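Chains as they are written, first to last, in numbering that gives the first Met the number 0: chain E, 0 to 360; chain P, 0 to 475.
It is worth saying that the hints were derived from the structure and are not from the lab.
If you're wondering where the values come from, they're calculated on a predicted model, not measured in any experiment.
We treat Cβ as the ideally placed atom computed from N, Cα and C, and that holds for glycine.
Check each hint, because a few of them may be wrong.
According to the in silico footprint, chain E covers these stretches of chain P (three or more CB under 8 Å from chain E) [unchecked claim]: (1) 178-186; (2) 243-249; (3) 261-271.
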Amino acid sequence: MSMSQKLELPLEPHAFAEDIFRIVSHPIMQEVYRFRHLIARAVRDFLDGEGFVEFDPIMIGPVTDPGTRGAFEFRIPYYGREYRLMRSGILYKQLLAAAMEEGKIYFFYPNLRHEPIDAARTGRHLVEFVQIDLEVRDADHFQVMEIAERLLKHVIDEMRRYEDRLRKIWEFFGSERDSLPDVKLPLKRMTHREAVELLMEHAKDDKVIEELESRFGVKRPQDRLSFRAEIPWEWEWYLSKIHEQPFFIHDYPRGARGFYDREYPDKPGILMDFDLLAPEGHGELSSGAAREYEVSRVFARMRETNENPELYRWYLQFLRDHGRPTAGFGIGMERLVKYICDLPSVHLARPAPKIPGVHSP
Amino acid sequence: MTDYPIDEIFRRAKLGELAVYPPKDEFGYNVFGADVYTKPRRFLLLDDIVLLPPQFTPERLEKGIELLREPLYTDVSTETSVGGFRVRMPVVCAAMGGTHIANLIGPKIAKGCAEMGVVYSLGENIAAIRGYDERLTNQPSFKERALAYLENLKDGYGGLVIQQSVEDENLKLWEKVYTDPDFDQYVEEGLIAFEIKAGQGAKPGLGGEVLVSREVALRIKDHYYIPEDPEKVVKDYYERHSAPGTFTEDILASQIRLIKNNFPRVKVFLKTGPYRDLDRVIEIASREGVDAITIDGKEGGTGMSPIAGMRDLGLPTVACLGAIARARDRGIRTSLIISGRLYDGSHVVKSLALGASAVAFGRPLVYACLGSIPLAPTFIKRELFRNPLLRELGKVALKWGVRGEGCTKGVVNYLKSVENEVKMLTSALGKYYMDRLSREDVGALNRDLAELFGIRYVYSAPEATGKVVQRGVELS
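Make the full structure from the sequences, and use the hints.
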């Protein structure tokens with residue numbers, strides 16, 4: 000790959016609107032798309048081997064999950080009513096994991112989220128993306144964390160067979176990486192509290208603060224750290240940056256997540272959930288949790304997130320009559336591709352990416 | 000027995016369920032409230048407190064040294080900060096929703112508030128009933144009202160507060176605003192707050208009750224509780240009820256956390272009502288870090304409230320101010336906004352002296368607007384709305400009347416009068432900044448209020464200052 004080719008490929012989101020053929024036909028982009036295919040195949044091999052049943056995504060319904068961080072839902076007219084395009088398949092995942100004899104199901108689930116404009120700056124939010132979305136019956140979050148780490152290791156080990164081809168992609172995008180990490184299980188696990196404590200320690204270093212301020216354009220990032228809230232994007236990037244292996248953060252505080260993440264019965268205010276983060280600044284790959292499945296708890300939690308229970312009638316009825324404990328997670332496909340190919344931004348992991356606020360094909 | 004309420008019983012016998020509301024002809028135009036607070040008068044008002052200017056004014060001396068001349072009342076700065084918004088004076092336009100009058104004149108009031116640099120609030124059900132960006136009725140949409148305010152802001156003053164009712168949630172209004180490119184600039188500048196609506200003065204514990212036209216009823220019947228199915232029963236107006244929403248301490252705390260987490264670039268406001276556990280509400284919301292709490296005393300929020308609610312539900316506004324004063328004593332520093340039949344500079348100064356950060360005006364701004372459009376005196380006398388034969392004419396007249404700039408001008412003039420009054424009264428107290436007003440500046444005409452606020456009862460002697468040594472008098 001010569002430098003001249005590199006300079007000829009404009010990569011910013013707007014460029015897709017100018018000449019999309021030129022981008023998607025570029026040899027390097029073709030390779031990225033091929034890796035997306037290889038990764039998907041490795042995921043399917045792994046999950047099928049574990050006894051999971053794959054479903055095709057259900058795209059529209061009377062209600063979608065509540066979403067987080069301010070993303071709006073897309074709506075469409077549906078025979079005199081308004082239906083939603085799925086922001087995620089969470090409700091249907093629980094339904095099918097409870098219904099299927101195997102108790103293990105997965106989707107390659109396209110999600111549509113009308114993200115706020117500021118999400119365009121993170122390099123890891125797309126309006127349209129795919130989740131490898133799975134759910135397991137009678138499991139808790141710790142059990143599915145084990146599945147998540149084995150799945151990730153399997154995919155990385157499979158991709159190692161193509162490391163020579165990957166190196167060309169890395170080189171093209173200016174990556175400093177020269178090999179895929181040798182993933183050692185079990186991955187490191189820290190609670191949300193431990194992660195925030197660690198970051199608060201690092202926040203005492205003025206150099207760290209300066210870097211975050213200039214890189215993310217935030218003021219006083221140290222004030223944005225809280226034991227009661229989600230870890231802000233800039234800090235998640237930093238935490239990821241100082242790690243060399245993927246790692247888990249678990250036990251997020253209630254209030255940071257949707258009503259479906261189960262609260263520990265004996266630890267009020269703490270959720271039985273987790274994020275799986277990639278190292279080298281790539282950040283969150285996956286979110287998962289044990290689910291609230293008792294209708295009384297879900298009803299109360301819906302009030303907390305200001306959801307209208309009326310809209311969730313089918314789901315609440317299902318939980319009341321057939322609710323079973325389940326746990327699961329979703330891995331962002333584009334984020335996984337971005338991590339393995341070490342791409343500078345998630346929009347390069349899709350052929351016609353939708354960036355918040357950008358009108359591209 | 001002559002004062003036995005025979006008329007009221009006749010009225011109930013005639014109207015049945017509808018008798019709980021103020022007279023039917025005013026429905027949808029019910030901005031006038033009722034005189035249930037003053038006749039007969041059953042509880043204390045802020046008017047039972049007076050301002051107590053001192054002879055000795057060290058802060059005036061300080062101000063004089065700064066100015067190098069004797070200070071005038073015009074030197075008082077009414078600028079302050081409310082819930083993180085910089086404002087030209089400690090006034091907030093109380094949230095008005097999607098009902099007929101409030102919505103029709105909404106953009107005009109918004110413009111006046113922007114010009115005067117005060118906070119403007121958008122109430123519930125505007126987007127749901129009137130449309131988010133496109134007009135669903137012949138009335139302004141949500142976005143028209145919001146942008147009428149935001150586009151007219153100047154000098155960095157002001158802020159827009161947006162409520163979302165349980166039913167507005169169907170629309171995902173907050174998410175819509177948060178992801179709308181037309182709002183992004185204002186979100187980025189920190190000019191937007193989302194407000195959890197957890198109460199309203201005259202009807203704490205009750206949800207929204209509104210009459211809507213048949214056209215609107217047909218459109219929204221899937222999202223709201225409408226007792227009479229507009230498909231089957233044909234009439235001019237239908238009752239539309241919305242749920243009050245269930246709160247527990249945990250639910251309130253979680254809702255606040257969720258907004259902070261999901262919408263990190265907006266401020267979080269809470270609107271609560273005259274509840275008996277108000278102290279606890281203030282405590283929890285402050286602990287969770289809301290930027291401001293608006294407390295609507297029982298005399299407030301009369302729009303579409305049942306008569307019994309206005310009469311008998313909740314703590315009077317001064318009692319709510321008591322909760323604010325107690326919160327300050329407990330070290331709570333969150334912006335606390337009071338409302339409920341408050342309408343002049345005197346009310347503002349007294350409220351601030353007792354611990355409030357600002358005063359919210361609802362009805363005053365509606366009247367200021369309506370009183371300034373052609374035909375105004377007629378409106379104020381309600382004749383056009385009171386008389387069913389003239390009502391349709393009244394609607395048309397109002398619709399034409401608000402097209403001019405009279406309404407906005409009225410709002411601006413009204414706010415200027417309040418601003419001027421606040422300056423005069425503050426200056427009389429020997430102070431020049433809003434945050435210097437304190438309990439020493441007020442006295443109660445009533446012992447209960449003196450005790451409630453720990454302020455002076457005006458007919459008692461002030462604390463003794465020690466024995467006076469009088470010079471120059473020959474003592475025998």
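Which hint numbers doesn't this structure obey?
none
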